[in-house]
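Chains as they are written, first to last, in the working numbering: chain A, 1 to 227; chain W, 1 to 519.
Hints listed in this document are in silico derivations from the structure and should not be mistaken for laboratory results. Being a predicted model, the structure only gives us computed values, none of them experimental. Heads up, a few of these hints could be off.
[Claimed, not checked] Ranges of calculated distance between the beta carbons of each label pair, as one might list FRET restraints: (1) W:PRO405 x A:GLU111: 22 to 30 Å; (2) A:ASP66 x W:LYS188: 55 to 63 Å; (3) A:ASP66 x W:ALA214: 56 to 64 Å; (4) W:THR335 x A:PHE107: 23 to 31 Å; (5) W:ARG319 x A:ALA48: 30 to 38 Å; (6) A:ASP14 x W:ASP144: 49 to 57 Å; (7) A:VAL187 x W:PRO405: 38 to 46 Å; (8) W:SER142 x A:GLU111: 26 to 34 Å; (9) A:ASP66 x W:GLY466: 32 to 40 Å.
[What the hints assert, rightly or not] Among the chain A residues that face chain W by a calculated CB cut under 10 Å, a handful are: (10) GLN93; (11) PRO106; (12) ARG194; (13) MET197; (14) ALA198; (15) ARG201; (16) ASP207; (17) ARG212.
Idealized CB from N, CA, C, for every residue including glycine.
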Amino acid sequence: MSATGRELLVVEDDAEIRLFLRTALAAEGFQVAFAAAGAEALTMAAHAAFDLFIVDLGLPDMDGIDLVRAVRARTQAPLLILSAQTEEDRKIQALDAGADDYVTKPFGVGELRARIRAALRRVGEPPAVLELEGLRIDLDRRLVAHHGKDVHLTPIEFDLLARLARSAGRVVTHRQLLADVWGPEHVDQTHYLRIYMAQLRAKLEDDPAVPRFLLTDTGIGYRLAAE
Amino acid sequence: MVDATSPNGMSSAARSVLRSLVLTVAASLAAWAMDGPYALGSQSMAYLLSVVFAAFRYGRLDAILAAFLGVAALNFLFVPPRYTLSVENGDYGFMLLALLIVSLVVSGLATRLRSETAQAQVRERRAREMHALADLLAEAGSLDDLVLRGSQAMRGAFGDASVLLPDPLGALEVRAGLDADAAKWVLKHGVAIGPATGYWPELGRWYVPLPGDAGTLGVASVPAVARSPEAMAEDLAHLEAIARQVGLALQREQLARRARDAELEARAESQRNALLASISHDLRTPLAAILGAATTLTGQKLGDTERDTLLRSIEDEARQMTATAENILQLARLTADGVSLRRDWQSVGEIAGTVVGRLRRRGEQRLRLEIDAALPLVEIDPVLIEKLLANLIDNALRHAPGTGPVEVRVAALATDVEVQVRDRGPGFGHVDPATLFAKFRRGSNAAQGGAGLGLAICKAIVDLHGGTIEAANREGGGAAVRVTLPRGGVPPSMQLSGVPPSMEPGGEPPPIEPGGLRP
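One chain only, chain W, in its complex shape (with noise of 0.2 Å):
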């Protein structure tokens, strides 16, 4: 589109009109200044190149004006009979005639160098945006980024501009002002459409595929310039050209994409398989000596002292199993989206004491629980909590050999609560301690099994209450992992009251005794 008023309002052929007069006075000024017998010649070649002037400086239509308005100020002011139109002998006529061939021959000669010097400027810039733009592609950090950056540089050469991409599905959403089927006959058949393209000449755009390899992966939608058919060629070859760069930008992105996609593809499948190992091998190991023992009771005659041994081990191994199960359900949930926390203020001294006594109840003596005498109520989910503490302790107890004791401790610290669980078994090995709880990840002394099941549970449920979790090798043998969870506040009607939300036991809190009474 050009604009066709200039600021002050004039129109350009009103100014080319008011540029060739201009001309054309210096020219008579020039040749008045020239006058006298046989100074025809010379005056003419002054008009001559008042044309040349107009032709180079400002285009044909003022080469032609000025050639047409030199040859008459010519004829009225210089060619006898001065003062008049009229030419006295065939001679003059003949040399006014030749003189705006001249002129018109000399300003297409100057018209046409002046445009293709001009288009040679802009195939150079254009070059150059081009190999900018190749660079700027590469660098697109998204799809986003890399839309931007391709609309940006057609913004750059063509005013406006807009890059559609099409959704997974194949549909084109087309944003107002814009055709839509255009774009999307566009997106069909990739082939370029607008005006001096032979298709939908009647549109004000152009419309360009954004070709790939497998076929067009977006449009481009750019305003058409009304200029000459040559520019607009030109015009819209650049176009084409970024959009064969936008597209294979593209292209390399998708395939970027896809290679990514593969990879965590394999990489969760790799995981599952993990997963699963460790699942088959949790259930098979107690399944093994389920089945066992109790082929061994129905098929032999055994002492009291044996089958009490055997029975005891179908139930300690069916209930191994069970927490197998429970932690299966238990990843299943906290790796799910959308899992919520059922948080309530708790001690976590007190689950702690719970699950040691559930253990010391089923005949476990090598646990020792220490908790601090002051420890604050912390808002957690108790039930998640205890099956990260339980599962601390079973881990330790299962790699603690012997009658090993497996300490646990829980202290106030500033801003967290810690839970540290120690035992004095072979440690972690040569695993990193640091990697140790990554999902599914097992250690080297897997054999007892479940370590890896166990502990991503364990990560799970310390990353959802916003804590740390981390394993170490002890001291002179064994392993450690310490928990921390955030303190956060204080239940709401101990801070009214301002008393401090310790455990500590014997101090009488008195806001919830009925109406403040303490006994």
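Chain A extracted, bound-state conformation (with noise of 0.2 Å):
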């Protein structure tokens, strides 16, 4: 997917941090505009149309997750938000308000570009069709094959496989994914997703202990991993 001319908006009141944000940024031929508080943001995002957004939860004006709804009552376009270490009921919050993923600070821009890619993929009618590298998610057809063969799952470990495949890359957090399979009066049996996913790993996964593919964010949901 390529950057050039994509525009983003950093939302960051750290100069260090959008120092080094720019030069990565502007490096991987993305249009960089920064913010240092939530207002500014907003007003910003009133006037120019972003194709992603980068917020940092902790802003000297408002609260991250305040600008996280306004942003999304104004506009669907991706957004990440940067959190401090040990912060994950806020991570759940944001994501819950409408965020497609998170970058814990400090992180490397390895990791960031990753989640920007995820981010920006999702911009569009998702694929029918999920290849990784011996993995291959039919989503139209609902067959998935593992290293070429088919591989057979039940309706919920597909539903659950598919709800993941569809936010490829990015998190989709307990709450979401319970909701999204069983219906929203599940969304506190966490337990159904550890027995699903253990069960998705055993037949998808080469190493079911350590997995490539479906992978846990501790504490906050599961991603799917996409490259």
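With the hints in hand, could you dock these two chains into one complex?
Put into structure tokens, the structure is as follows:
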């Protein structure tokens, strides 16, 4: 996916991190605009259509989660959050408020690039077929192949995998998975996820104990590796 | 306070009258038996005896009553003209007067002797009590216990007692029934008040200070019994003696407490210093590597390989610093009061797989992970348990030299889930593995750094989960750390459907499929 010409808005109050992001993202071919505070970001978002937002959760003038909501009310453009360590609750809140993914500070540029790619991939029609190395998921025909061999999945297993595949590369919170696969009344039954993820891994992973595709974001949710 | 009425409702004065009447009648009967000419001397002796008896046996009032009654009876019954109260000649009159005076003097002497004997007995008993009190107070286990023992001693001597101690700010809480102003005055001035003290004589109680070297440590109050001034002075002296003992004991306790506090403070201080030393070391080591690599990169022409090596080193060391920073924050949180776990039904195996997977993606090839097939879900805080496993594995990787494998094993035991992390490094050396998990303790192989803080966090996390963590040196070299986490119950919906909460792959748990349909 080409980054050329894509416009990003980074909302970050720390000058050093802005500098690092400017260099790293410009090198990728993005056009990057910066806001140091939430109000400034909202003004900028009102005057230009950005392709992606990167929002630091700790802003000087407003709660980052409120900014996520405000941006979401205006646009469906992908939104990544930057958060400090040990802020699992805040990450989950931001994700459930409409953020697409998160990157935990401190982070490497490789990690950020991968998150941005996955978030931008969301825009437009999700592919009907997801090809990973050794795993092929055909969402329309509900077929899954592991190293070229068809794998039988139960309906729930497939729905769970499909939900992750539609957000490939991005984290999906426990709550989102449970609501979308089992229904809103099951959002607290996180142990369903443990059981079904274990079964999916047993069927789809070379080493189910150390999965390569079906990754755990401990305390937050699951993600399907996109590359 | 004197109980003026006996159980059958007779006042003590009435009893004295009755007793002296009985004695006088007895003396009269004896004198009657001796009756005859010239018997008057012996007869008067009979009455004198009754007075002495009353003085010794009953006290002053009885003796005086017996003296007057005896003289009257002698006069009426035996002194001519008999059966009248008149006296026929001056000799008899003098005799009666002499008898009365002798009776009164004897009764005075006898009652004083009697009261001195009684007082001596009281003194002896009190001295014994004081001696026992010293031991009793010395054995007190706590401040409350001390106050209890002190007030019990006063209660034993005075029937009722209150011991009041000021709070740390110096305020005195006075229980109902006591005079708050009086108690505060005593606390301020350190002087006993109440009857026979010269201060606040209108009070019905004594308030005495519990003296310490540097001021009054508290106030004791007991009821003041109205007695002779001498007896009250003795009571007060006794009370003050007890109060001094209690004051001494309080002071001892206070000094001991201060010494304890100072020791705790010193220990906390040394722990803080150890922590700061550990943190400083854990931050400075990677910083030195980063600074070295960065200045090399900017200052010299380097080949691609060297450049990559240095860049990789900067990245690795920065990650190490990140882990340290996170550990510092985590330890502060974990050791704060009221830390709460965000428990959820989790697979320890899944968390171990996540940690191992992340390290492998980062290029770590030495990890071997083994997970029991039928591992139960346990209710744990997943983020903390991930932190625990990451710290243990990281620690092992840093100590296992070269390509030595680090084995991670997750197993289901009868009542626990067990995690073992084992390496073939130098082990724990001479450090007692049992003491390894004390906060901020660092192993003798501290050169690699980080172990102190990381292991302290591991211990805190395991403790919060009600589990155990132990370290041992392995046979054939290397370190082994073993963690157990209690299995607890099973997830709620699984209990209802009777499905074993196992992570065994392949088995299809039916209750979770909508409508109970099995595919």
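Do the hints match the structure? See the list:
1. W:PRO405 x A:GLU111: 22 to 30 Å: Distance hint for W:PRO405, A:GLU111 holds at roughly 28 Å.
2. A:ASP66 x W:LYS188: 55 to 63 Å: holds, 58 Å
3. A:ASP66 x W:ALA214: 56 to 64 Å: holds, 58 Å
4. W:THR335 x A:PHE107: 23 to 31 Å: Because 28 Å falls inside the window, the suggested range holds.
5. W:ARG319 x A:ALA48: 30 to 38 Å: holds, 36 Å
6. A:ASP14 x W:ASP144: 49 to 57 Å: holds, 54 Å
7. A:VAL187 x W:PRO405: 38 to 46 Å: holds, 41 Å
8. W:SER142 x A:GLU111: 26 to 34 Å: With a Cβ separation near 57 Å, W:SER142 and A:GLU111 fall outside 26 to 34 Å, so the hint is violated.
9. A:ASP66 x W:GLY466: 32 to 40 Å: 38 Å Cβ-Cβ, so the 32 to 40 Å window holds.
10. GLN93: violated, 13 Å
11. PRO106: holds, 5 Å
12. ARG194: Cβ of A:ARG194 sits 5 Å from chain W, so the hint holds.
13. MET197: holds, 7 Å
14. ALA198: holds, 5 Å
15. ARG201: Nearest chain W Cβ about 8 Å off; hint holds.
16. ASP207: holds, 8 Å
17. ARG212: holds, 7 Å
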